[in-house]
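Q: Take the two lone chains and join them into the complex the hints point to.
The primary structure of each chain is shown beneath.
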Amino acid sequence: MDAQLFISGVIFGLSIGSIFFLMAVGLSLCFGLMRIISLDQLLYYSIGAYITYSISLVTGSMWLGALGGMVVAGIVSFAVERFIFLRIYERNIVFTMITSFGILIGGVGVIKAIWGLIPRPVPIPMVTQVNILGTDIPVYRIVVVVISLLVYVGIWLFLNRTITGKAIRAGIEDVDHVEGLGINVYRLFTITFIIAGTLSGLAGGLHAPLIMVDPQMGLHVLAFVFMVVIIGGLGSIKGTLVSAFLVGQVVSLGSLIYAPLAQMAPFAIMLLILLIKPTGLYGSKLLKR
Amino acid sequence: MLNKVRWWRGILLMFLLLLILRIFLPLPFVNEILVFSIYTMGCNFLLGRVGFISFGQPAYLAVGAYGTAFYLYYFGSNPYVGILIGIAVGLIVAVIVGPFFVRLRSDYFALVNLALAVIVFYLMEKVLAGITFGDNGLWFLTNIDSTPVLDLGKPSDFFIFAFLVALAVWAFYKYLDDSIYGACCLATKINEDKLEFLGYSNFNIRLLAFVIANTTTALAGALYAVYFGFVSPEITSHARCADPVVVTILGGVGTLYGPIIGAIAYTGMKDLISGMIGNWELFIGFLLVFIMLAGEKGIWGTLEPILTRFIYRTHKKRVGDSK
Numbered sequence: 001m002d003a004q005l006f007i008s009g010v011i012f013g014l015s016i017g018s019i020f021f022l023m024a025v026g027l028s029l030c031f032g033l034m035r036i037i038s039l040d041q042l043l044y045y046s047i048g049a050y051i052t053y054s055i056s057l058v059t060g061s062m063w064l065g066a067l068g069g070m071v072v073a074g075i076v077s078f079a080v081e082r083f084i085f086l087r088i089y090e091r092n093i094v095f096t097m098i099t100s101f102g103i104l105i106g107g108v109g110v111i112k113a114i115w116g117l118i119p120r121p122v123p124i125p126m127v128t129q130v131n132i133l134g135t136d137i138p139v140y141r142i143v144v145v146v147i148s149l150l151v152y153v154g155i156w157l158f159l160n161r162t163i164t165g166k167a168i169r170a171g172i173e174d175v176d177h178v179e180g181l182g183i184n185v186y187r188l189f190t191i192t193f194i195i196a197g198t199l200s201g202l203a204g205g206l207h208a209p210l211i212m213v214d215p216q217m218g219l220h221v222l223a224f225v226f227m228v229v230i231i232g233g234l235g236s237i238k239g240t241l242v243s244a245f246l247v248g249q250v251v252s253l254g255s256l257i258y259a260p261l262a263q264m265a266p267f268a269i270m271l272l273i274l275l276i277k278p279t280g281l282y283g284s285k286l287l288k289r
Numbered sequence: 001m002l003n004k005v006r007w008w009r010g011i012l013l014m015f016l017l018l019l020i021l022r023i024f025l026p027l028p029f030v031n032e033i034l035v036f037s038i039y040t041m042g043c044n045f046l047l048g049r050v051g052f053i054s055f056g057q058p059a060y061l062a063v064g065a066y067g068t069a070f071y072l073y074y075f076g077s078n079p080y081v082g083i084l085i086g087i088a089v090g091l092i093v094a095v096i097v098g099p100f101f102v103r104l105r106s107d108y109f110a111l112v113n114l115a116l117a118v119i120v121f122y123l124m125e126k127v128l129a130g131i132t133f134g135d136n137g138l139w140f141l142t143n144i145d146s147t148p149v150l151d152l153g154k155p156s157d158f159f160i161f162a163f164l165v166a167l168a169v170w171a172f173y174k175y176l177d178d179s180i181y182g183a184c185c186l187a188t189k190i191n192e193d194k195l196e197f198l199g200y201s202n203f204n205i206r207l208l209a210f211v212i213a214n215t216t217t218a219l220a221g222a223l224y225a226v227y228f229g230f231v232s233p234e235i236t237s238h239a240r241c242a243d244p245v246v247v248t249i250l251g252g253v254g255t256l257y258g259p260i261i262g263a264i265a266y267t268g269m270k271d272l273i274s275g276m277i278g279n280w281e282l283f284i285g286f287l288l289v290f291i292m293l294a295g296e297k298g299i300w301g302t303l304e305p306i307l308t309r310f311i312y313r314t315h316k317k318r319v320g321d322s323k
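One line per chain: the protein sequences are A and B, in this order. Mapped onto my numbering, the consecutive letters of the first sequence carry residue numbers 1 to 289. Mapped onto my numbering, the consecutive letters of the second sequence carry residue numbers 1 to 323.
This is chain B alone, in the form it adopts within the complex (with noise of 0.2 Å):
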C-alpha cells in the first residue's frame, strides 16, 4: 500500500499543479497545455529513451487529427468514437511505417520523419484535396454530439476528460519507466551490442516504442480535432516541425514530467513574448542554442536533482527518527 502511494506521488503532485493552473490561468490555456503534453509526451519517450530523435512527429499528429475528423466529418458523430477510431488510425499507421524507419540509424531516422512530414502535409493540402478540403481545413464543430456525462464540446468538460486522459497516459509511461521493457529501452540507447548479447532484440524494442511514442502522438492529435473541431494542413507545415523538440528539451530530455513542465513554460512564453514583440522564432531558436549549450538539461532536469535532494534528505530525517 505504501509503495502505491509512494508510486503514485510523483504523478499526482504534477497534476495538482496542473489543477491548480487551472483556477488562475484562463481554460483555454490550461486545454492547450494538457494536449500539448501528450503530444511531447511521444517525442519525448522517443528522444530521451530510445535515443531516437524525430523532426517528424507532426505527421503522426495529423494521422491521428485527420482519423478523428474524416470519422466526424463524414460518418458519426460520437467524439470518443472519433478519439477512438484517431488513435487506431495512428496505431495502423505508426505499425505499418515503424519496421522501415526504426532500421535507420538516429541521423537518418530524424531525416526520413522529417520528409514523412512533409509527404503527409501534400497528402492532406493537395493530393486528397477532394475529401480534405485543402487549406480550407475540415469544420465538424457543430457535427459534434454532445454526450450526457462529459460533453466534450464544452471546454470545462473537455478540461476533465483531457485531464483524465493525461494522468493515465502518465501513469502508462512511468509503468513503462519501471518495467524491464523501459530499462530495455535505455539499454538499447546506450550500447545496442550488449543488449543483442544478453538475448533482447533491438529491433523489437524500437519497433514497439516507436509505435508506443506515435500512438501517444496520434492521441493528442484526435483530441485537438475534437477540442477545436477544425482540422487544416496547417498542422503538419514545415514551422511547427520543431515544436515537439523543442518543448522536450526545454523540459528536459528522458524526464518523465519534462514534457508538462515543458509545455507550461512554452505556451506561457508564447503567449507572453508574441504579444510583445512579435518575433516569436527569434525567441524560441536563440533559446533552444542557450539550453543546448548550458548542458542541454532542461528546466525539469535542472529542477528534479535539487528537488530529489531536498526530499531525501528530509526523508532520511525521518527515517533517522524512527531509529
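Excised from the complex, chain A in its bound form (with noise of 0.2 Å):
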C-alpha cells in the first residue's frame, strides 16, 4: 500500500467515524439517561439526509440544509418522545427498543411515500482539495471531521459547564437521587432525546453529500452505529468518540486491504472485544434499573 493511497484512507476513515460518532452519541445519552436503546435515532438521520436533499435543491445551498434537517429531526424527535417515549419510560428496555424499531420501520415507510424509492444525489458543498503531504484530500471531509470534533467540545461543556448538563450526568450516575433533589427528570429525558435527534439529524445531512440518500440508508448504518455504542460502551461518550474513529479507520483501513473486510472485521473486533469485556470499552458495571 502506498503512503498516498493510506492517507487518502485515514481522512476517509476519519470522516466516515465522525458521522458515526454524531449518530452513537446520541443513542449513547438516550441509553446512560433514560435507559432506553432508541433504534429511532437511525430514522432521525435519514429525515435529516432527506430535508437536506430537498432543501439544496430550493436553494441550492447545502449547508442550510443541513441546518433544516437539523431541525426538522429535532421537531420530529421531540414529537415522538412526547407521544410516545414519554409513556415507555418505566418499561424495560427490550420494550423500548422493539418500539423504537417500530418507530424506525414506520418512518422508512412514511420518507417512502413521500421521496419515492429512487436513490438521491446531493451536491458536495466544496470541491476544493487540499494537499497533505502529497496527496489531494477533498476540503469537505475535514470540514466534517472539525464538526464533530466541535459537536464533542460542545457537548463536554455543556455536560460540564451548565447546571442541565450537570443534572444529565447525575441521572445517569442515580435517577432517584436527581429526582430527589427537586428536578424534574422527564423535563431533562425530553432535552437529551432532543440533542440525540438533532445531532442524528446532523450526521444525516453531513453525510448526504458523501452517498446516496435512499429510503433504506438509515438501516444500511444501523449495524456499524451499533457496532461503535456497544464498543464504547453504552453510555460513555468518550468511549463512544474513541470507538467512532476506531471503526471508522477499520472500515476504510479493512477495505483497502481486502474489500469483504470492511463490512467484516469491525464485527471481529467487536466479538473480541466483547469478549475480553463485557460491558464495552468505557461502559460502567452499574446497568440495572
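Please note that the accuracy of each hint is not assured.
[To be verified] Not everything, but these chain B residues come out facing chain A in the computed CB check (under 7 Å):
(1) L104
(2) A115
(3) F286
(4) L288
[What the hints assert, rightly or not] Pairs of lysine-lysine, DSSO-like flavour, derived with a Cα cap of 27 Å:
(5) B:K189 with B:K297
(6) A:K112 with B:K270
(7) B:K297 with B:K174
(8) A:K277 with A:K238
(9) A:K277 with B:K189
(10) B:K174 with B:K194
(11) A:K166 with A:K238
(12) B:K270 with B:K297
(13) B:K194 with A:K277
Think of the hints as simulated: they come from the structure by calculation, not from any bench. In this text, all values refer to a predicted model and were calculated from it rather than measured experimentally. Note that the Cβ used here is the ideal one computed from N, Cα and C, for glycine as well.
A: This is the structure:
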C-alpha cells in the first residue's frame, strides 16, 4: 500500500468515524440517562439527509439544508418523545427497543411515501481539494471531522459547565436521587432526546453529500452505529468518540486491504472486545434499573 | 389416559385450525404460514421464556438454509438428508457461538445477534461468493429427488410433511413448558439470583435454550430451502431481521400458540396490504408501536384469557353436574 492511498484512507476513515460518532453519541446519552435503546435515531438520520436533499435542491445551499435537517429532526424527535417514549420510560429495555424499531420501520415507510424509492444525489458543497503530504484531500471531509470534534467539545462543555448538563450527568449515575433533589427528570429526558435527535439529523445532513440518499440508508448504517456504541460502552461519551474513530479506520483501511473486510472486520473486533470486557471499552458496571 | 388427551387437546385443536385453513386458502400460503411459524417459534422461546430478544434470527435461518442448499447442490439429492444436515449445521453453529453470546446482557445480546446476521449476510454474499454465487443464489430445485412416500418437490406433499414437523415441534415445546427445565427458563428471566441460589446454573439453562431455539430456526431454514429449491443471501438482509420479532409480538410473547396466530395474521396482512397500498413497512411499523403501547399482549395473549375463562366455566359446570 503506497503512502497516498494510506493517507486518503485515513482521512476517509476519520470522516466516516465522525458521522458514526454524531449518531452514536445520541444513542449513548439516551441509554445512559433514560435506559432506553432508541433505534429510531436512525430515522432522524434519514430525515436529516432527506431534508438536506430537498432544501439544497430548492436553495442550492447544502449547509442551509443540513441546518434545516437538524431542525426538522429535532422537531420530529420531540414529537416522538412526547407521544410515545413518555409512556414507556418505565418499561424494561427490550420493550423500548422493540417499540423504537417499530417507529424506525414506520418512519422509513413514511419517507418512501413522500420521497419515493429512487436514491437521490446531494451535491458536495466544497469541491476544492487541499494537498497534505503530496495527497489531494477533499476539504469537505476535513470539515466534517472538524464539525464532529466541535460537537464533542460542545457536548463536553454542556455536560460539565451548565446546570442542566450536570443534572444529566448526575441522572446517568442515579436518576432517583436527582428526582429527590427536586429536579424534573422528565424535562431532562426530553432535552436529552431532542439533543440526540438533532445530532442524528446533523449526521444525516453531513453524510448526504458523501453517499446517495435512499430510504433504507438508516438500516444500512444501523449495524455500524450499534457496533460503535457497543465497543465504546453504552452510556459513555468518551468511549463513543474513541470507538467511532476506531471503527471508521477499520472500515476504511480494511477495505483497502481486502474489500469484504470492510464489512466484516468491525464485527470481529466487536466480538473480541465483548469477550474480553462484556460492557465495552468504557462501559460502567452499574446498569440495572 | 384422560390426562394425555387433555395434554394434547390444545395442540390438536390448533392444528385442526390449520387443516381447515388448508381447505380455504391457497396451498403456497399455508406452507408459508407453517414454515414461518416454526421460524418464529425459536424467537418466541428466547424472548418469552428466557427474556433474550434476538434481532439476528435470520442468521440462524440462513445457516440452516445454506447447510441444506450446499448438500443438495454439491453432494446429494435426497431432501430428507438435506434437512437433517441443515439441522445439524444449525446445531453445531449454535453450540459454537452460544457460550460467547449467552454471557451477555439482554440488550447487548440483541445487538450482537444483529451483528451476526450482518456477518452471515456478507459472508454469503461476498466472501464465499465462489460457492454461494452471491446475489444470484443457489438453484437446486431440479436436483431434489422425488421420494416414494412423501415427495417434497410437490407442494401438497410438502404441506403434509411441514404439518407433521410443526406438530412435533409444538409437542416438543409444550413438553419443555411443562418440564422443570421450562420452569427454570422462566425463573432465569424473572430472577436469576434466586435461581442461582437454588443450585441451578443460569449459564447452562440459557445455553441450552439458545441451542434449542436456534436449532428450531435452522430447521425452518432447511424447510425453506427444500420448499423453494433456491437460497440467496436475501434471507438474512437487514430488512427481514425484524420479521420474527414482529410476528412474535403480534402473536403474543411467550405463549405457546402465539407464533401460529402471529404467522397467520402477518402473512395474511402482508398479502392483503401489499396488494392495496404497496407501502408495507409503514403499516407494520405502526402496528408494532400500537401493539406495544396497547399492552404488548398480542393477538393470542389477548384471546387466551378469554378462551380459558370460557373453557374453565363450562368445565366447572360439568364438574358441578357430576356432584
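Q: For a quick check of understanding: which of the numbered hints are violated here, in increasing order?
A: Per hint list: zero violations.
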